[in-house]
Amino acid sequence: MTLKDIRPGEHCIIQNLHPNNLRKRLIDLGLTTGTGVLVKKMAPLGDPMEIVVRGYLLTLRKAEARSIEVEKSEVTR
Amino acid sequence: MGIKVALVGNPNSGKTTLFNGLTGSNQSVGNWPGVTVEKKTGKAILGESEAEIIDLPGLYSLSTLSLEEEVSATFVLQQKMDVIVNIVDASNLERNLFLTHQLLESGLPMVIALNCMDIVRKRMEDINIPKLAERLGVPVIPITASRKHGLLDLMRQVELIVGKLRPSMPRYSAALERAVDRLEPLLGSRFLAYRFFEDGKKGISAVHFDEPVLHALEAVMVEESRHFSVDADMVLPAERYDRILSICAEVLAKPVQAVDNVTDRIDQILTHKWFGLPIFGSVMFLVFYLAFGPLGTWITDGFVGLIDAFFGWIESGIVALGMAPWVSSLIVRGVFGGLAAVVGFLPQLAILFLFLALLEDSGYMARAAFIMDRAMRRFGLSGKSFIPMLLGFGCSVPAVTATRTLDRPEDRRITTMVIPFVSCGAKAPIYAVFAGALFASHSYLVVFSMYLLGIIVALLSAVLFKKTIMKGSSANYLMELPEYRMPTPKNVLLHTWERSKGFLVKAMTVLLGAFIVIWFLSYFGFVDGTFRLLENNEIEFSLLGYLGKFILPLFRPIGFSDWRPAVAILTGFVAKESVVGTLGILYGIQGDVVQNGSLLFSSIQTAFSPVQAYAFMAFALLGSPCIAALTAMSKELRSRKWFAFIVVYEMMVAYLVALLIFQLGSADTGSLLSAIVAGGAILIVFATVRRVLKRRGNTCGSCHGCAIEGSCASKPEEKSGKS
Chain S
1 MTLKDIRPGE HCIIQNLHPN NLRKRLIDLG LTTGTGVLVK KMAPLGDPME IVVRGYLLTL
61 RKAEARSIEV EKSEVTR
Chain W
1 MGIKVALVGN PNSGKTTLFN GLTGSNQSVG NWPGVTVEKK TGKAILGESE AEIIDLPGLY
61 SLSTLSLEEE VSATFVLQQK MDVIVNIVDA SNLERNLFLT HQLLESGLPM VIALNCMDIV
121 RKRMEDINIP KLAERLGVPV IPITASRKHG LLDLMRQVEL IVGKLRPSMP RYSAALERAV
181 DRLEPLLGSR FLAYRFFEDG KKGISAVHFD EPVLHALEAV MVEESRHFSV DADMVLPAER
241 YDRILSICAE VLAKPVQAVD NVTDRIDQIL THKWFGLPIF GSVMFLVFYL AFGPLGTWIT
301 DGFVGLIDAF FGWIESGIVA LGMAPWVSSL IVRGVFGGLA AVVGFLPQLA ILFLFLALLE
361 DSGYMARAAF IMDRAMRRFG LSGKSFIPML LGFGCSVPAV TATRTLDRPE DRRITTMVIP
421 FVSCGAKAPI YAVFAGALFA SHSYLVVFSM YLLGIIVALL SAVLFKKTIM KGSSANYLME
481 LPEYRMPTPK NVLLHTWERS KGFLVKAMTV LLGAFIVIWF LSYFGFVDGT FRLLENNEIE
541 FSLLGYLGKF ILPLFRPIGF SDWRPAVAIL TGFVAKESVV GTLGILYGIQ GDVVQNGSLL
601 FSSIQTAFSP VQAYAFMAFA LLGSPCIAAL TAMSKELRSR KWFAFIVVYE MMVAYLVALL
661 IFQLGSADTG SLLSAIVAGG AILIVFATVR RVLKRRGNTC GSCHGCAIEG SCASKPEEKS
721 GKS
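For the protein sequence lines, the chains are S and W, in the order given. Numbers 1 to 77, taken from this note's numbering, label the letters of the first sequence in order. Numbers 1 to 723, taken from this note's numbering, label the letters of the second sequence in order.
Careful: at least some of the hints might be erroneous.
[As the list claims (entries may be wrong)] When the alpha-carbon atoms are kept at most 20 Å apart in a straight line, the in silico PhoX-like pairs for lysine-lysine are as follows:
id : chain 1 : residue 1 : chain 2 : residue 2
1  : S       : Lys-40    : W       : Lys-80
2  : S       : Lys-41    : W       : Lys-273
3  : W       : Lys-43    : W       : Lys-80
4  : S       : Lys-4     : W       : Lys-273
5  : S       : Lys-62    : W       : Lys-273
Hints in this document: simulated from the structure, not taken from any laboratory. Just so you know, these numbers come straight off a predicted model, no measurement behind them.
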């Protein structure tokens with residue numbers, strides 16, 4: 001399952017990041033293995049998506065979300 | 001020179017505000033919030049001496065993505081400063097401390113300026129500052145940059161630690177430290193060892209090392225990376241975040257019940273699934289309406305009236321002085337006439353700048369990019385390109401300046417290059433006159449088609465640039481949504497003033513020279529064999545008039561049968577408003593044709609056929625922008641090569657489109673053949689465009705090595721192709 005498949009309002013935990021050209025930046029922004037993420041919403045046109053990670057709001061495209069492997073969880077951290 | 005103090009921190013953490021506070025507000029900081037494009041320096045008093053304060057572009061990490069970030073990272077890596085002041089946004093402690101850790105690894109003397117404590121308190125949270133300082137091993141000074149609180153304490157602390165060794169460095173897991181221990185002797189610095197461990201060769205590219213050293217380093221990395229369970233590039237970041245989490249758990253006290261979040265509530269409406277887009281549309285419409293609608297026009301008219309009165313007063317003064325006619329003509333028509341044409345834009349620009357500052361300071365601009373990204377991606381741009389392009393409908397000058405909000409140089413360049421195609425406000429009188437004279441009942445449709453043509457050419461050019469000359473540059477999108485903040489009047493006014501001032505200074509310097517050249521070409525010429533100064537209604541004999549007649553053959557294929565429109569196009573170079581004004585002079589109309597276009601109707605009806613008029617409008621729309629816009633573009637492109645390219649490109653596109661319109665339009669319309677050819681051509685263009693567009697859509701750099709390559713739906717046909 002990837003971050004792209006998580007519906008708004010659901011929590012998940014990052015398992016792995018597949019290579020893409022923003023991988024290092026995503027890691028530096030705090031999306032490391034084991035980090036909890038809350039998917040907040042999709043933009044009005046369906047993409048990008050807004051997530052809460054490490055207490056702040058980050059928006060990213062689904063193309064990048066697709067390369068982030070996650071597992072659903074009940075609550076963040 | 002005294003002590004060098006570098007301000008380093010995440011984007012939007014308040015570095016520029018702190019820089020202003022430390023160096024005095026008389027420092028010119030005309031940049032947009034969060035987008036310090038170049039490093040800036042200023043002076044501050046430090047004890048009894050002076051310190052040089054360096055404001056570096058904001059960055060999330062020393063592993064950089066953009067050129068601006070590289071400026072900062074290289075600066076840190078080459079250790080060009082004596083002290084680092086790391087600005088940390090206390091309301092976003094976890095992520096901000098990541099960069100802090102990278103900076104701590106440098107071993108340089110460092111102070112943390114903890115900003116935004118007011119937001120922390122509002123959330124009913126608390127930070128144990130002495131504990132934080134103890135855990136990080138560096139002094140932590142709480143400040144409120146916007147109110148200049150704590151700045152004295154900060155400078156006192158800087159003074160204390162200059163030239164002193166830091167007592168402690170962050171330590172990570174045994175396996176990691178062992179690897180760094182092995183890398184350190186090869187690189188001669190523990191900081192570089194950490195950088196190499198994290199980023200490989202790229203991490204130490206700011207310092208030169210010989211091939212054998214690099215090979216030895218890689219060999220060590222291959223051996224050591226076996227000891228870690230996660231990928232090598234995630235080891236150090238993950239350990240930093242682990243350390244940060246343990247620090248946060250100790251120093252950050254959160255309330256048991258989460259306090260109602262204002263940003264959340266605002267976003268529930270502003271980025272709502274259904275309301276988000278209409279609200280965005282309304283906000284944009286409102287900004288436009290205020291700047292270019294009745295209010296803006298009213299202020300502009302008043303302002304222009306004042307300027308005219310002032311210049312009229314000067315003119316009469318000059319006439320009274322009895323100077324040589326060419327001197328008074330130079331001053332009145334060349335200098336002041338040109339300046340009046342440009343400075344007349346100022347009120348509208350100031351209104352636009354004001355609203356931009358409001359949108360940006362409040363945090364809405366980031367939401368606008370979030371909302372529009374999906375639509376802009378079709379054309380290879382990111383959501384952030386939308387605002388500058390929209391501003392282009394008003395005036396290209398502020399629009400081009402607004403491209404600074406884009407974070408990638410490629411996106412900035414492409415957006416700058418396509419903005420002039422978007423029909424600006426000054427071109428509207430041209431359409432009004434021509435459409436009104438020749439298309440009577442359908443005039444609004446014709447005007448609308450012009451705007452549409454501009455948008456289509458702009459977007460297709462963006463796609464074309466991405467596909468050809470800037471191949472491989474995929475517009476990234478990864479953006480933090482900042483907390484909403486109440487914009488402070490002082491900040492908003494400061495930004496508005498800085499940008500307006502920039503425009504005025506340009507008008508007074510670069511443009512002045514151009515006006516004098518154009519004045520010379522317009523008001524001097526040969527009449528009956530003598531070269532002399534011309535009257536207002538003798539432009540036919542001017543050098544510009546000769547130039548118009550000379551280049552007329554070039555314009556014939558696109559429908560110009562008369563030298564007058566050619567001259568009008570040339571004067572449009574000063575300001576697009578001049579096109580209609582010049583036509584008025586050339587056709588010998590008495591009265592203000594810009595205010596009352598119908599005066600020109602009969603002359604245009606005799607001189608132009610509808611097709612000729614349409615081709616003329618298209619050429620005026622797409623051809624070279626006015627000199628003010630060109631100056632702004634050359635400033636933002638920062639490259640003669642690109643500037644020359646885009647001017648040639650724009651002229652060529654304008655010529656081709658006008659040619660197509662005129663040739664197809666004036667072909668025997670009854671002829672079935674031409675209709676088929678035209679239809680076929682349109683279909684081919686449409687199909688090509690569709691294919692180009694369809695291939696976009698994903699932002700992956702390359703499919704090579706991607707784990708989901710097999711199941712990926714948006715994989716391009718050619719496997720190695722970048723999209």
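Hinted pair Lys-62 (chain S) and Lys-273 (chain W), Cα distance within 20 Å: holds (16 Å)
Lys-43 (chain W) paired with Lys-80 (chain W) [C-alpha distance capped at 20 Å]: holds (16 Å)
Lys-4 (chain S) paired with Lys-273 (chain W) [C-alpha distance capped at 20 Å]: With a Cα-Cα distance of about 17 Å, the restraint between Lys-4 (chain S) and Lys-273 (chain W) holds, given a limit of 20 Å.
Pairwise hint evaluation, Lys-80 (chain W) against Lys-40 (chain S), where the allowed Cα distance is 20 Å at most: violated (42 Å)
Hinted pair Lys-41 (chain S) and Lys-273 (chain W), Cα distance within 20 Å: holds (8 Å)
Figure legend: structure checked against the earlier numbered hints; the only hint not met is number 1.
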